Amino acid sequence: MDGAEGRPSDLDRLLAGMRRRGLSRRRFLQIAGMTPMAAFLAACSRRIGEGQGEQATSAPAGELEDELVIYNWAAYLNPDNVKAFEAEYGVTVHAEDFYESNEEMLTRIQAGASGYDLVAPTGYMVQIMKDEGLLLELDHSRIPNMANVDPQFTGLSFDPEMRYHMPKDWGTTGFGYLSKFVKEEMTSWAQFFDLGPTYSGKYTVLDSAPEVIGAGLKRLGHSYNTPNPDEVDEALALLVDLKPHIASITSSQYRQLMGRADTYVALGWNGDFFYVAEDQPSVRYVIPDEGTEFWVDTWAIPASAPHPNLAQEFINWILTPERQGVESSYTYYASCVTGAQEHTDDAVADDANIYPPSEVVERLEANNGDPEVLDLRNEAWRRFQAA
Amino acid sequence: MAGGGRPSVAEPRGLIFPAWVYYTVFFLAPLTIIVAYAFAHREGFFEITFGLTTENFVELWDPLYLKIYGNTLVMAAGGTLGCLLIGYPFAYWLATRVRSHRTLLLLLVIVPFWTSILIRTYAWQLILSPRGPLSSVLQALQVIANPLGVLNTSKAVLIGVIYDYLPLMIFPLYVSIERMDRRLVEASRDLGAGRWRTFRRITLPLTMPGILTGCLLVFVPMTGEYVVPTILGGAKGALFGPIVAGAFLDALNYPFGAAMALVMVVFLLAAIFLYLRVMGRRTERGLGAAL
Numbered sequence: 037m038d039g040a041e042g043r044p045s046d047l048d049r050l051l052a053g054m055r056r057r058g059l060s061r062r063r064f065l066q067i068a069g070m071t072p073m074a075a076f077l078a079a080c081s082r083r084i085g086e087g088q089g090e091q092a093t094s095a096p097a098g099e100l101e102d103e104l105v106i107y108n109w110a111a112y113l114n115p116d117n118v119k120a121f122e123a124e125y126g127v128t129v130h131a132e133d134f135y136e137s138n139e140e141m142l143t144r145i146q147a148g149a150s151g152y153d154l155v156a157p158t159g160y161m162v163q164i165m166k167d168e169g170l171l172l173e174l175d176h177s178r179i180p181n182m183a184n185v186d187p188q189f190t191g192l193s194f195d196p197e198m199r200y201h202m203p204k205d206w207g208t209t210g211f212g213y214l215s216k217f218v219k220e221e222m223t224s225w226a227q228f229f230d231l232g233p234t235y236s237g238k239y240t241v242l243d244s245a246p247e248v249i250g251a252g253l254k255r256l257g258h259s260y261n262t263p264n265p266d267e268v269d270e271a272l273a274l275l276v277d278l279k280p281h282i283a284s285i286t287s288s289q290y291r292q293l294m295g296r297a298d299t300y301v302a303l304g305w306n307g308d309f310f311y312v313a314e315d316q317p318s319v320r321y322v323i324p325d326e327g328t329e330f331w332v333d334t335w336a337i338p339a340s341a342p343h344p345n346l347a348q349e350f351i352n353w354i355l356t357p358e359r360q361g362v363e364s365s366y367t368y369y370a371s372c373v374t375g376a377q378e379h380t381d382d383a384v385a386d387d388a389n390i391y392p393p394s395e396v397v398e399r400l401e402a403n404n405g406d407p408e409v410l411d412l413r414n415e416a417w418r419r420f421q422a423a
Numbered sequence: 002m003a004g005g006g007r008p009s010v011a012e013p014r015g016l017i018f019p020a021w022v023y024y025t026v027f028f029l030a031p032l033t034i035i036v037a038y039a040f041a042h043r044e045g046f047f048e049i050t051f052g053l054t055t056e057n058f059v060e061l062w063d064p065l066y067l068k069i070y071g072n073t074l075v076m077a078a079g080g081t082l083g084c085l086l087i088g089y090p091f092a093y094w095l096a097t098r099v100r101s102h103r104t105l106l107l108l109l110v111i112v113p114f115w116t117s118i119l120i121r122t123y124a125w126q127l128i129l130s131p132r133g134p135l136s137s138v139l140q141a142l143q144v145i146a147n148p149l150g151v152l153n154t155s156k157a158v159l160i161g162v163i164y165d166y167l168p169l170m171i172f173p174l175y176v177s178i179e180r181m182d183r184r185l186v187e188a189s190r191d192l193g194a195g196r197w198r199t200f201r202r203i204t205l206p207l208t209m210p211g212i213l214t215g216c217l218l219v220f221v222p223m224t225g226e227y228v229v230p231t232i233l234g235g236a237k238g239a240l241f242g243p244i245v246a247g248a249f250l251d252a253l254n255y256p257f258g259a260a261m262a263l264v265m266v267v268f269l270l271a272a273i274f275l276y277l278r279v280m281g282r283r284t285e286r287g288l289g290a291a292l
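Chains as they are written, first to last, in my numbering: chain G, 37 to 423; chain Z, 2 to 292.
Worth flagging that the hints you see were computed from the coordinates, not collected in a lab. On a predicted model such as this, the values are computed, not experimentally measured, just so you know. Using N, Cα and C, we set each Cβ at its ideal position, and we do this for glycine too. It cannot be assumed that every hint is accurate.
Unchecked claim - Once the Cα atoms are required to be at most 20 Å apart in a straight line, the calculated EDC-like pairs of lysine to aspartate or glutamate come out as: (1) Z:Lys-237 x Z:Asp-251; (2) Z:Lys-237 x G:Asp-387; (3) Z:Lys-237 x G:Glu-415; (4) Z:Lys-237 x G:Asp-230; (5) Z:Lys-68 x Z:Glu-56; (6) Z:Lys-68 x G:Glu-415; (7) Z:Lys-68 x G:Asp-277.
Unchecked claim - Reference listing, derived: stretches of chain Z covered by chain G, where coverage requires no fewer than 3 residues with Cβ under 8 Å from a Cβ of chain G: (8) 45-54; (9) 150-159; (10) 238-251.
Said to hold, decoys possible - Residues from chain G that face chain Z, not an exhaustive set, calculated with beta carbons under 7 Å: (11) Thr-143; (12) Asp-266; (13) Asp-269; (14) Ile-282; (15) Ala-283; (16) Arg-296; (17) Asn-352; (18) Thr-356; (19) Ala-422.
Please construct the entire structure, taking both the sequences and the accompanying hints into account.
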């Protein structure tokens with residue numbers, strides 16, 4: 037067969053990105069002529085990257101390079117911003133390589149097959165990566181726009197001095213459902229788990245351990261970050277009971293499945309349900325009563341980045357309220373920069389699921405990035421996959 | 002394969018050297034790494050101590066994982082049988098009944114290979130969707146009452162692997178049927194054997210090498226299939242390929258993933274060895290009887 041191992045995962049991600057974009061009608065024309073090219077570039081950038089992985093530049097004091105290779109989540113960077121940056125600096129940006137979970141990105145960066153200049157880890161993953169020496173220490177003199185970051189997001193526990201990351205955007209992990217097909221009004225994790233048998237085969241969950249095990253923990257009233265193996269086992273049992281009713285475990289396809297109404301209930305990230313709304317206006321996103329996770333995604337530079345100077349320049353460039361507004365209008369996620377909301381499309385800026393009120397924010401808890409906790413959940417996850 | 006017996010030609014031994022290098026570097030080396038990992042102990046997130054622990058194999062001896070091996074072998078066996086049942090009549094027809102355009106038809110069998118397996122598998126996702134075209138047509142024809150419930154089940158995986166691997170079955174079958182001496186069939190019919198008997202006593206034994214090759218070519222990769230179950234299989238009936246990938250990629254548990262893979266390799270080697278011995282002997286006997 038043609039390449040049953042290795043290649044599919046990369047292509048899979050690429051496709052996921054293409055398909056997701058394809059869904060958005062207002063963006064369709066812009067992308068339509070581009071996809072084969074994007075596929076080609078993705079292939080090239082990977083090859084370029086592999087070649088350059090070894091000759092890592094360690095001195096961030098040098099001149100700007102002419103190339104930037106970004107490894108990111110699908111549809112998580114506005115192409116308009118990429119084009120503007122390319123034009124302004126006369127450089128080439130490769131932003132066609134995507135990953136589906138932090139763990140997957142970690143595995144690839146850790147394996148050394150990098151060549152990437154910029155990644156977008158979630159906070160807890162920043163902690164793991166910096167502890168492993170996988171991230172480049174940022175030169176703050178190169179990033180004056182870090183002053184624009186909302187003070188709420190400057191002292192985050194995973195990297196309080198922002199030596200290894202700059203906040204990109206933030207959001208919540210909850211669930212969405214199609215109210216056209218689900219008769220009950222869903223507001224809690226309890227309902228999410230209890231309604232499994234009623235809507236059997238119409239569920240999807242993320243392909244990611246922290247979020248899914250975390251949902252079970254929250255349903256049981258435990259902390260999202262519990263170090264207690266018994267509590268994790270309890271959550272696992274709950275999830276194993278739900279599993280027969282789950283159609284698919286996926287982080288990239290639930291938007292399509294729900295968009296076609298193949299599934300009705302999805303454990304996922306808040307902004308993603310905006311994509312679903314384009315095809316299924318009855319979709320509702322829920323921040324469950326029991327509370328849930330909030331996460332902050334970041335920009336960080338792998339220690340082996342071949343183009344660290346341009347990467348820092350890019351981070352600085354994108355941290356203005358205007359450009360953050362362009363980002364949020366595209367990604368449907370809340371920016372961490374003060375004043376970005378004013379530059380964001382009203383539909384996004386005024387949505388309580390993207391910018392939730394403070395009483396909701398109080399119910400949220402962040403993944404604290406403790407490697408032991410993470411490992412506990414990963415091992416539970418492995419059993420959930422096999423169950 | 003069984004029953005070759007072509008005269009050997011003296012060749013300079015040096016010509017085989019590149020093949021040896023290739024197999025050492027690209028086959029033996031990765032396999033050695035897998036074996037090393039399979040017996041390693043995992044301390045935590047990033048720490049592994051190599052050694053001779055059997056803990057990874059002990060953990061595999063769990064109904065949870067035994068079931069995955071079982072499901073995978075059943076899927077691969079079903080897929081192989083499906084390919085054979087569809088592929089044999091087609092190859093037979095192509096090799097014996099088609100006079101013109103045979104090359105064109107053979108080419109058409111390969112055409113799907115020109116597109117990425119991934120894209121073709123995604124296409125099946127759309128075809129099998131409960132709200133997809135197939136579902137609508139079947140409902141309109143009143144073949145089924147409710148929307149098609151195939152996507153994200155083991156049925157979808159079976160359809161997917163049969164579709165993907167069919168050409169690999171057709172080619173060896175075609176070659177063996179095409180090469181067969183048709184006069185033996187005529188002789189059998191002249192001597193009074195019916196169609197079925199002729200097929201069973203002449204055609205089937207003579208084409209057994211093709212069947213063996215085809216079955217091996219599709220069965221072995223099917224056991225490790227990753228793309229199809231990931232895209233079409235959904236959450237139920239977890240299979241070997243995605244679970245091993247998960248152990249490596251999600252849980253970062255290389256020792257467990259390696260142990261799981263190693264058990265499959267050993268099992269397949271044993272099974273194939275046995276299969277070739279039993280079937281191979283039968284084939285030779287069949288050939289002997291036929292000739």
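Going down the list of hints, with the structure as the test:
1. Z:Lys-237 x Z:Asp-251: Holds. Lys-237 of chain Z to Asp-251 of chain Z sits at ~18 Å (cutoff 20 Å).
2. Z:Lys-237 x G:Asp-387: violated (35 Å)
3. Z:Lys-237 x G:Glu-415: holds (19 Å)
4. Z:Lys-237 x G:Asp-230: holds (19 Å)
5. Z:Lys-68 x Z:Glu-56: It holds: about 19 Å lies between the C-alpha atoms, which stays within 20 Å.
6. Z:Lys-68 x G:Glu-415: Holds, at about 18 Å.
7. Z:Lys-68 x G:Asp-277: Given pair Lys-68 of chain Z, Asp-277 of chain G holds - Cα atoms ~17 Å apart, limit 20 Å.
8. 45-54: Since three or more residues must qualify, the claim that chain G covers the segment 45-54 of chain Z holds, with 3 doing so at under 8 Å.
9. 150-159: holds (count 3)
10. 238-251: holds (count 9)
11. Thr-143: Check passed: Cβ of Thr-143 of chain G comes within 6 Å of chain Z, closer than 7 Å.
12. Asp-266: violated (19 Å)
13. Asp-269: violated (14 Å)
14. Ile-282: Constraint on Ile-282 of chain G satisfied, holds at 4 Å.
15. Ala-283: holds (4 Å)
16. Arg-296: holds (6 Å)
17. Asn-352: violated (31 Å)
18. Thr-356: Constraint on Thr-356 of chain G not satisfied, violated at 36 Å.
19. Ala-422: holds (5 Å)
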